[in-house]
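Q: Since the structure of chain X is already known, use the hints to place chain F on it.
Each chain, letter by letter, is given below.
2 protein chains.
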Amino acid sequence: MTTKYVYFFGDGKAEGTAEMKGLLGGKGANLAEMTSIGLPVPAGFTISTEVCTEFYNNNSEYPASLKGEVDANLRNIEELMGKKFGDPKNPLLVSVRSGARASMPGMMDTILNLGLNDTTVQGIIEQSRDERFAYDAYRRFVQMYSNVVMGMDGSILEHILENKKNEKKVHLDTDLTADDWKELVAKFKTKIEETLGQKFPEEPQAQLWGAIGAVFGSWMNARAITYRRLNNIPAEWGTAVNIQSMVFGNMGNDCATGVAFTRDPSTGENYFYGEYLVNAQGEDVVAGIRTPQPLNRAKQKDGDLPSMEEVMPECYQQLVSIRDILEKHYKDMQDIEFTIEKGKLFMLQTRNGKRTASAAIKIAVDMEKEGLIDEKTAVLRVSPGQLDQVLHPSLDPKAQRNVIAKGLPASPGAASGEVVFCSDEADAAAKIGLKVILVRVETSPEDIHGMNAAQGILTARGGMTSHAAVVARGMGKCCVAGCGEIKVNYTANEFSVNGTIVQKGDIITLDGSTGEVMLGLVPTVPPRLTGDFQTLMGWVDTFRTLGVRANADTPADAKIAREFGAEGIGLTRTEHMFFETDRIAAVREMILSNSVEERKKALAKILPMQKGDFIGIFREMKGLPVTIRLLDPPLHEFLPQGAKDITALAQTMGVSVQTLKSKVEQLHEFNPMLGHRGCRLGVTFPEIYDLQVQAIMEAACELTKNEGFTLVPEIMIPLVSVVTELKMLRENTVRICEEVIQRYGVKVDYLIGTMIELPRAAITADKIAVEAEFFSFGTNDLTQTTFGLSRDDAGKFLPLYVEEGLLPEDPFVSLDQEGVGELVKMGCERGRTGRPDIKLGICGEHGGDPASVIFCHKIGLNYVSCSPFRVPIARLAAAHAALQDGKLV
Amino acid sequence: MTTKYVYFFGDGKAEGTAEMKGLLGGKGANLAEMTSIGLPVPAGFTISTEVCTEFYNNNSEYPASLKGEVDANLRNIEELMGKKFGDPKNPLLVSVRSGARASMPGMMDTILNLGLNDTTVQGIIEQSRDERFAYDAYRRFVQMYSNVVMGMDGSILEHILENKKNEKKVHLDTDLTADDWKELVAKFKTKIEETLGQKFPEEPQAQLWGAIGAVFGSWMNARAITYRRLNNIPAEWGTAVNIQSMVFGNMGNDCATGVAFTRDPSTGENYFYGEYLVNAQGEDVVAGIRTPQPLNRAKQKDGDLPSMEEVMPECYQQLVSIRDILEKHYKDMQDIEFTIEKGKLFMLQTRNGKRTASAAIKIAVDMEKEGLIDEKTAVLRVSPGQLDQVLHPSLDPKAQRNVIAKGLPASPGAASGEVVFCSDEADAAAKIGLKVILVRVETSPEDIHGMNAAQGILTARGGMTSHAAVVARGMGKCCVAGCGEIKVNYTANEFSVNGTIVQKGDIITLDGSTGEVMLGLVPTVPPRLTGDFQTLMGWVDTFRTLGVRANADTPADAKIAREFGAEGIGLTRTEHMFFETDRIAAVREMILSNSVEERKKALAKILPMQKGDFIGIFREMKGLPVTIRLLDPPLHEFLPQGAKDITALAQTMGVSVQTLKSKVEQLHEFNPMLGHRGCRLGVTFPEIYDLQVQAIMEAACELTKNEGFTLVPEIMIPLVSVVTELKMLRENTVRICEEVIQRYGVKVDYLIGTMIELPRAAITADKIAVEAEFFSFGTNDLTQTTFGLSRDDAGKFLPLYVEEGLLPEDPFVSLDQEGVGELVKMGCERGRTGRPDIKLGICGEHGGDPASVIFCHKIGLNYVSCSPFRVPIARLAAAHAALQDGKLV
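Protein chains in written order, with the working numbering: chain X, 1 to 889; chain F, 1 to 889.
Wrong hints could be hidden among the right ones.
Given that identical chains are not distinguished, each listed pair holds provided it fits within a single copy or across any two copies.
Unchecked claim - Here are the simulated DSS-like pairs of lysine-lysine, each with C-alpha atoms no more than 30 Å apart in a straight line:
| no. | residue 1 | residue 2 |
| --- | --- | --- |
| 1 | Lys406 | Lys369 |
| 2 | Lys663 | Lys504 |
| 3 | Lys487 | Lys169 |
| 4 | Lys168 | Lys406 |
| 5 | Lys663 | Lys644 |
| 6 | Lys431 | Lys661 |
| 7 | Lys431 | Lys727 |
| 8 | Lys342 | Lys299 |
| 9 | Lys13 | Lys84 |
| 10 | Lys796 | Lys600 |
| 11 | Lys431 | Lys342 |
| 12 | Lys601 | Lys796 |
| 13 | Lys342 | Lys328 |
| 14 | Lys839 | Lys825 |
Hints were generated in silico from the structure; no laboratory data involved. Just so we're clear, the structure is a prediction, and the values are computed from it rather than from any experiment.
Chain X with its partners taken away, still in its complex shape:
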């Protein structure tokens, strides 16, 4: 049995279905599905993604049977359409489009009007009775094909076109005549042969196979690789190729083309949202060269461009009913493309529409209410990674806004930053930590990395479905598009708007929800979480099994954590308390001590303040578990390093500069990350940990005694590499705890545990667990030691590693499951061997990264702990993990 490589669709029947996205790509599967459910789709066929994979595995050779299958399917189209590929009288023209499993907007190349040559163009003239249209289609094909398939520099042909317009003293393409286009086609072909040393293919079959090859080839182009990297799409998935009978939206004023969303992709509101252009080809809408017209008057009550509802009421009504069919069929908001050829509506694409996080939440909750989906599906409809958007601050409504322009509110959110005009610059600036706003006339797939690096995007051209808008929404970036008032001057590195000049480096603020562009930095306010958000998170919590805690060092942080639904604190870092201005002097005195007695005297001054810190946090958490990590950083972090600061401190402390300087030098470390820190401090200076334990337990006992609290403090000992360290420090800790409990005469339970943040701790977790009631995986440090990679120094090479694909992503952002994750897994398994009921959590920054949260669910952790603002993300990711058994949607 030979593999079937090609799948036909047309005339209400299709060999594929929407479920076959893996094989047919998203576009192909949905074209098949739409055909099957009776929607008007131009006939065509899909070459499966398996061909792409075999192509790359097999030295760029196609499977032997492919040619025959393509020919047979092409004959099917011919029969259905009553046309013939390459026929001089009645030629069939086709489009060739890529279609990967996951939607990759703008990333893959498309060829339209394929099949045209000097002979077949005559047939088109005859059919369309429009010579100008025919030659315009022909020259578009030549331009597109020579660029995408043959590698011709597009600007060379554009230059010839410009010359022609100059010669004819006209400004617009539409001012050129049929003869002009005809002449240009000839000139183009000559120039192509001159430049590339090869003829433009006349033979339609040759054109077709060239285009198929180009689609497969584009799977491995740099833009596609970047996009896949940013979106975690494996290269092995491959792309399909869709070959479809052409329909024309540009054959006259009874023709049109448009894109639409079945609901508003920015807000999620349930109305029909879209744009169209009369007498235009599909790419014209997305490319943003002409400003498109609205589909209806649902939002833009009194715009100056007539809507499709008004101009083409019949087609519009047909489209509205298709919208209903699609939403009921797919049970999700759809992003559709259509073309009207001489009054006849054709569907060219449907897919689940990209949406902002707030839209995703609203649509999911609405659809559940409408009975379209259940709660489980609603939860899975919102991507945890995307949720970040709604948790970010928005512009303070009370703040002064110096609005200089207003564009389309293409992707919501607020962003401030320095203006840059080029994607490479945006990327470079972001790498050194600058916040930038990328300002472009319009964006193209080449700008992906710059858009990714920027805080927000501002374009002068393009509508709500332009490249900039779609990609920005996908990235969750704020975007103001089509802001025609601004005049961008790339050469001068500036834009002007109504007399104001904004130069590279000037700070502007964008409001993606209103489309406003403001001069300077506008202050922000914390996010308000809507009723829909609360509804959804309620469902989330019924599904997830993994606990979610927050990392919080202050009562204020603790409050936010609880508001965001944290079930406890997984990490309180006590060193931040040591830096507070009211105690840093005592901390320094302690460090400069020369004996245990001196050190104890200084520590005694810190005790009441530390106790106060803990009382505040415990009170805020109302009895929820709180894990407190004893002092972790090396002591030199608390001393100044520069000569001037040392002199100043010496004066304040009343010690000689020389004494202080030599202490600083004595404490200097070559590799502080691997130095005298964590429990090593506790081993060498037990009095420091003793003080902290005393403060924790006194706080707990006081609240128990005076305020009727019930709480179980979790005391965490960091940086353990060998169980003997923990054993010694545990004994000290128990001694102090029991002393305090006895002194207060109350009953307070407490847990003693450790961070697992060194490879050796994970490897010997069975032994360490004997002395630990809980483990918290410190995956930040564990990543540093497992990779041998200092986070502070990695900037010189880590970005390159990610760019070149040596690493799939920054391992400090998303847990390296293959390496670091393996140690975490080992730590869990061995830890449970040593103590079956051990409590296991994670408190690195990975605790707020969806993929890492799912990993934590899979390996059976009890909880993750992350920054308070990421708690809802972790909750949602945990629900996804539980619902999908570990697979991220």
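A: Quick look at chain F alone, frame taken from chain X:
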């Protein structure tokens, strides 16, 4: 069935054997064995080590049946000796001695003359007809017992004794009369009761159980713990207690006591070596208070002290025949103790004698020739750790020696260092890296840590079998003992010798083979390895299966490596070459380059020199495998850091100070160990590795083409954490190699491999092995990252960790098998999964540590690589591993 806890020996019969060292301790097992083979041993019994273990496991309580067993055995002694314990007329006196499984010289406390009290002393007077002897024995017992068992400060009683001598205006103990001693016994007892608030026990049974308790108690004293830690003896082994009928070497001039070795423990020469004292108790010889007399004239032809051979010819001949019996029976050199009571010889101990490394080699080879042992046993007789001694340089015979004194050549070797007079100081000085010579009047068990820390030991008192001599030989430390010319003044921190004053901090040199003490530092020469050494190493190589290579960076190192038997080079560090004066300028130029082109220009200057380096090494290794590691350290290591040096370099390089300074700052790293180094340099600056690969391959091709060499360079890429790094750099390497090979038109094979020195590399070794033909475990860095421990910074806490037993030993010295070793094992297993025929080696400093070598054998590495001087140690350890299936003798 109740456990048997007590084992009897006496009158030619014994319940124990020499094989029962685990149960009876070394001393007890050998006393039993000697009894069985008919040697004259005073009757006695041994309380087994199981009692010690139960004692510590059971809250310091003895097993219930012990008392009955002890009583029964005591009755056995009474019957054999015709005496009765506590009998006023005919009292039995006993010694109580510890005896652990491994010999622990001087570490455990001993009680002699037990059973004496005011009543029984009369019986002794009657029997010995020597009242003075009896009261002397009695007062010795009171002093010893009160100190060891009751915890009395010995100096208090010594002070009373001194007073008595002053009062009587005599200088020597021997000038005191029976009445004096009698009076002193009473005074001692009064003082003891006064000081401790408890009476000295009169009842012999109470004395006995007190002594037994003290022996068990001493197992856990600080000295014993230190010794066990230094010698890797587990605390669980416990000690036995030996209770034996007393014999007296101090009953008159027909009495004597002595210690002897069946061969010379310093040189291994086959003659009877020992010392004795007439009219003395056993401890007097070892304590070094009286200078002992030689056993015979074998070496000391014309000494002024008469030998035992001359003074007691019959006893001597009996001892010589016992020497023969023991050597034939034990088939090893024995260390014996004997006492002659009124012309009758008694054996008190035999054990395998400690010996220097050269003695161990000579004895092993000699005994094989004598047919006593086979080659395998001979190899196992030499401890790999000890071998270090013979591989160290000795004093240059041609150097000027300013000899200020001459003592006994107690332990061979050469040592120079600053004089210190106290063991704590020696220890402290060594910790900060100073080399010191410990100078003491005599040493005691309290000095173990100081002796261990010192380069060499010099004592004013004590013979060849004194504490200092025995312990120093065991440690392989150079020692000059009994150097009576020097007068030590602890208070002034100086010693004087013939008018020369040597103060603390002055440098002296010791020659342990001649006993010379020299002022200042005397230069040394490399070791000459004797015929016996070569014979033994020949046997070694027939037994071992693990390969041994050396780490060598220069042709000179390579030469030494080959001479020491290395089978190749396991690590050539190319960075050392970069520091050579003729190329550091070009290296710095390369680092300061702002473009790839500039960098390539600078690298081109380095190429011929690098190639020269490799040619030199390849030529020296004559075709043996050579593993070359590409550049590893971060680039800032090649630039100066101080302001002055930067200014100087800027002038030399012709760049501005500012430029150079900013480059230095730009390259600064917070944690260079985890920074931009190793293959990360190769990834970001491929041209550097390309140059090195080119130099390696050009060197290999030239030697192949011009000198007919056959060699397979092994190119090693360091610090790989993820396989993609290696894949990329491997492709570059192959490209360059093939280019060079083609250019030279020769056939040269090469291997490309990697260091496994990061936890992530070990964990993902299966994937990495796909791109690596060999792995070399870099256990130095692997230890740093697995423990999260910077070797450069660990000085502040690691010594404390080892002291407090948190770590069994410094993991940079001996591989941490539980943690780091687990990763190495995992790396091997997974590596072989990825590539079954992968070559596996280790090139950290652990490659020369015997325990680590044995671990490497066990987990199936192909080779270890260590510093050239440690190659023989690694070879021997590998043979031990093969012969003993991984158990170190």
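Q: Work down the list of hints and note, for each, if the structure agrees.
A: Okay, the hints, checked on the actual structure:
{"no.": "1", "hint": "Lys406 / Lys369", "result": "neither (35 Å within a copy, 102 Å between copies)"}
{"no.": "2", "hint": "Lys663 / Lys504", "result": "between (46 Å within a copy, 27 Å between copies)"}
{"no.": "3", "hint": "Lys487 / Lys169", "result": "within (24 Å within a copy, 115 Å between copies)"}
{"no.": "4", "hint": "Lys168 / Lys406", "result": "neither (36 Å within a copy, 114 Å between copies)"}
{"no.": "5", "hint": "Lys663 / Lys644", "result": "both (15 Å within a copy, 24 Å between copies)"}
{"no.": "6", "hint": "Lys431 / Lys661", "result": "between (35 Å within a copy, 23 Å between copies)"}
{"no.": "7", "hint": "Lys431 / Lys727", "result": "between (43 Å within a copy, 26 Å between copies)"}
{"no.": "8", "hint": "Lys342 / Lys299", "result": "within (28 Å within a copy, 124 Å between copies)"}
{"no.": "9", "hint": "Lys13 / Lys84", "result": "within (21 Å within a copy, 116 Å between copies)"}
{"no.": "10", "hint": "Lys796 / Lys600", "result": "between (42 Å within a copy, 20 Å between copies)"}
{"no.": "11", "hint": "Lys431 / Lys342", "result": "neither (51 Å within a copy, 93 Å between copies)"}
{"no.": "12", "hint": "Lys601 / Lys796", "result": "between (44 Å within a copy, 23 Å between copies)"}
{"no.": "13", "hint": "Lys342 / Lys328", "result": "within (29 Å within a copy, 116 Å between copies)"}
{"no.": "14", "hint": "Lys839 / Lys825", "result": "both (14 Å within a copy, 29 Å between copies)"}
The earlier numbered hints that this structure contradicts are 1, 4 and 11.
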